[in-house]
Amino acid sequence: MVENAPVIETFRISKNYGLVEAVKDLTVSIPQGGTVGLLGPNGAGKSTTIKLLLGLVNPSLGEGKVLGMDIRTKGLEIRDRVGYMPEHDCFIGDIDAVKYVMHLGRMNGMSVADALRRAHEVLYYVGLGESRYRKIETFSLGMKQRVKLAQALVHDPELLILDEPTTGMDPDGRIDMLELIKDIAKCEDKTLVMCSHILADVERVCDRVVIMNRGKLVRTGSLKELVEGKKEAIILRVKGDSNLLIDKFEREGISAELRDDAILVFAGNNPSIKKKVMEIMAEAKMQLRYFGKPTASLEDLFLSTISYEEEAEREKASI
Amino acid sequence: MSIESLGYKEWEGQKHGRFYKVLSLVDYEVRHAWSSIWVKILIIIAWLPVLIIFLVPVTEISEEGVDRAFYNLVSFTTSITIWLPIMAGLIGGGLIANDKNNKMFSMYFSRPLRREDYIAGKVGGFAVLMSIPTIVPALIIYIVLIGKSDLSLLVFIKKSWLLGAAWLYFILLIALFGSLVLFLSSVVTDSKYAVVGLFTIVILSDLIANLLWLASDNEIYRLGSLTFNLENILAEFLGIDQSTLQLADQQNGGVGGLVSAWKSLVVIVGITSFMSVLTLLRLLSLEEE
Ligand SMILES: Nc1ncnc2c1ncn2[C@@H]1O[C@H](COP(=O)(O)OP(=O)(O)OP(=O)(O)O)[C@@H](O)[C@H]1O
Ligand SMILES: [Mg+2]
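Same order as they appear, the protein sequences are chains L and X. Those letters in the first sequence? Residues 854 to 1172, by the working numbering. Those letters in the second sequence? Residues 746 to 1034, by the working numbering.
To be clear, the hints were calculated from the coordinates, so they are not data collected in a lab. Even for Gly, the Cβ is constructed at its ideal location relative to N, Cα and C. Incorrect hints may have been included.
Said to hold, decoys possible - Here are the simulated lysine to any residue pairs, SDA-like style, with alpha carbons at most 20 Å apart:
id	chain 1	residue 1	chain 2	residue 2
1	X	Lys-754	L	Asp-947
2	X	Lys-937	L	Asp-1042
3	L	Lys-1128	L	Phe-1144
As the list claims (entries may be wrong) - Using C-beta positions, here's what the derived DEER-type ranges look like:
id	chain 1	residue 1	chain 2	residue 2	range
4	X	Arg-776	L	Glu-1078	47 to 55 Å
5	X	Arg-1027	L	Arg-1090	53 to 61 Å
6	X	Ile-782	L	Gly-1021	45 to 53 Å
7	X	Arg-776	L	Tyr-870	34 to 42 Å
So that you can see chain L by itself, here it is in the shape it has in the complex:
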């Protein structure tokens, strides 16, 4: 593969289920290596996005590529090189973990001997070495999550997609699972996508995030950039037309955007930006109501973007 070619690339894909727009106009590009958090509240369209990427459902609109292959036509080839851990339980309860993982390995085309050896290996790796001969129906929730991870790893995929890998796990189990994910991410040629609505999990393991809400992309970028960028930002509330002010900022080369009823000005590392902002405001004869720094956790970023989205939706609905 070409160095740094994106592993996942979508261009304005949408997926409708009847009247429900599960994914809307999603454009993302995810480079090779590292862990990406796909973040969003319930019903945001995360799972649907994954199904689109795996070629399990066809997009209603738009184009996409995974590992350089078209998601509309190359589903089988994509799934050959991707490991997928579904969000819900999917087990054959009356067989043991080794048989289960081995069976699924064979469904990837692995020989009996390879699948068996690899099943033992991955079950040990996820911490189920002792229980690998137990029937899956006797497993605890946390153990079941581990089996699901094991089956996703059995064929050693290049891209690993994990849908809510920590649901139902106790705090210790969660940390274990996240550490496993971090450990897998150490393999340089592997890319991990982790779906979650638990911000702490994403903050712990991901180096990039894609935030979705109501099927739409809200933000994307490196975690550091997003959080740091926000740390360096300034929040303004003014009396008058905020959009007009944003236009003026942008004309001066200052990036800014509307958030709720406030303006978010991205300052970067430029200390003189505050002065410039003040100058522009004075010029525009805008009255300042609030001037300050936003708090800077991912949660805050998440909540602010989501609530902004919701506000916009409500406004649209009321028109």
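On the provided structure of chain L, position chain X with the ligands as indicated by the hints.
Okay, now just chain X with the ligands, sitting in the frame of chain L:
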């Protein structure tokens, strides 16, 4: 053992194509079904005639008694009609329903496994399991008969059409019950309902067809009964009258009387084809979740 000490190991190896995956699925389904005690019991029952033929002395058979000797084989094949639906329900009822219940579709289809290959694997598993109590023992009985009797091989070659006919009859039965039970399995939420459904279809079709026949005195309504059609085919093509468990009186045209066995064959093949298409369409359109 701690996780860190082990570390993630990469794997490199050859991956096989679709044919291998279908065979793997067949292999898995056969082993999985075999782990059920009920399946084992039914298969052992089906093999009882094989044991009996080993024990019964057949060396005494004269040339005239050859039909009687084959009757052993053939009466075994006819007894299949009765419990084959039980077996089909037990094996086939859960084939798809369980995967649907366990949400295994997302495990299978998130892999490089085509739906057609999944279906082929399930059908293959069913066919292999169903042939263990039917096609295989029929062959063994036939071979044992040759080995144990003093009759010349020529007689057996001349009579080998019986074995062929029995096999064709089994294939017809397996296809019919397979298509019915797989369809039921793909629509129900619990494998038990598929078994119940299969029996309801077999019994209801017989009941309604017979009532219509009696009420109207028109033989044609008998074609609505699955069991009648099967018996009719058996009588015509194998020369066995199952209701009396005797060799059928060919002059009377089997059990069907006025209803030709060919019509019964058309009905059975028609139902099988229709149900197969329905099952295929159903499976191809099922959601992953
Ligand atoms: N097969 C389907 N048929 C109809 N609607 C669907 C289907 N799958 C998803 N949806 C709808 O699409 C929207 C997005 O669902 P999706 O499962 O992708 O969300 P999610 O982000 O994964 O949510 P969660 O955090 O609850 O898992 C929801 O409104 C859901 O009801
Ligand atoms: Mg989801």
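(request) For the pair supplied as a hint, X:Lys-937 and L:Asp-1042, confirm whether the alpha-carbon distance does not exceed 20 Å. (result) violated (47 Å)
(message) Against the 20 Å threshold, does the CA-CA distance of L:Lys-1128 and L:Phe-1144 hold or violate the hint?
(response) Holds, at about 12 Å.
(message) Verify the CB-CB distance for X:Arg-776 and L:Glu-1078 against the hinted window 47 to 55 Å.
(response) holds (52 Å)
(message) 34 to 42 Å was suggested as the range; check whether the CB atoms of X:Arg-776 and L:Tyr-870 agree with it.
(response) holds (38 Å)
(message) For the hint 45 to 53 Å, verify it against the beta carbon of X:Ile-782 and that of L:Gly-1021.
(response) violated (33 Å)
(request) Could you grab the alpha-carbon distance between X:Lys-754 and L:Asp-947 and see if it respects the 20 Å cut-off? (result) Not OK: X:Lys-754 and L:Asp-947 at ~28 Å, beyond 20 Å, violated.
(message) A range of 53 to 61 Å was offered for this pair. Does it hold for the Cβ distance of X:Arg-1027 and L:Arg-1090?
(response) At 58 Å between Cβs, range holds.
When each numbered hint is compared with the structure, violations occur for hints 1, 2 and 6.
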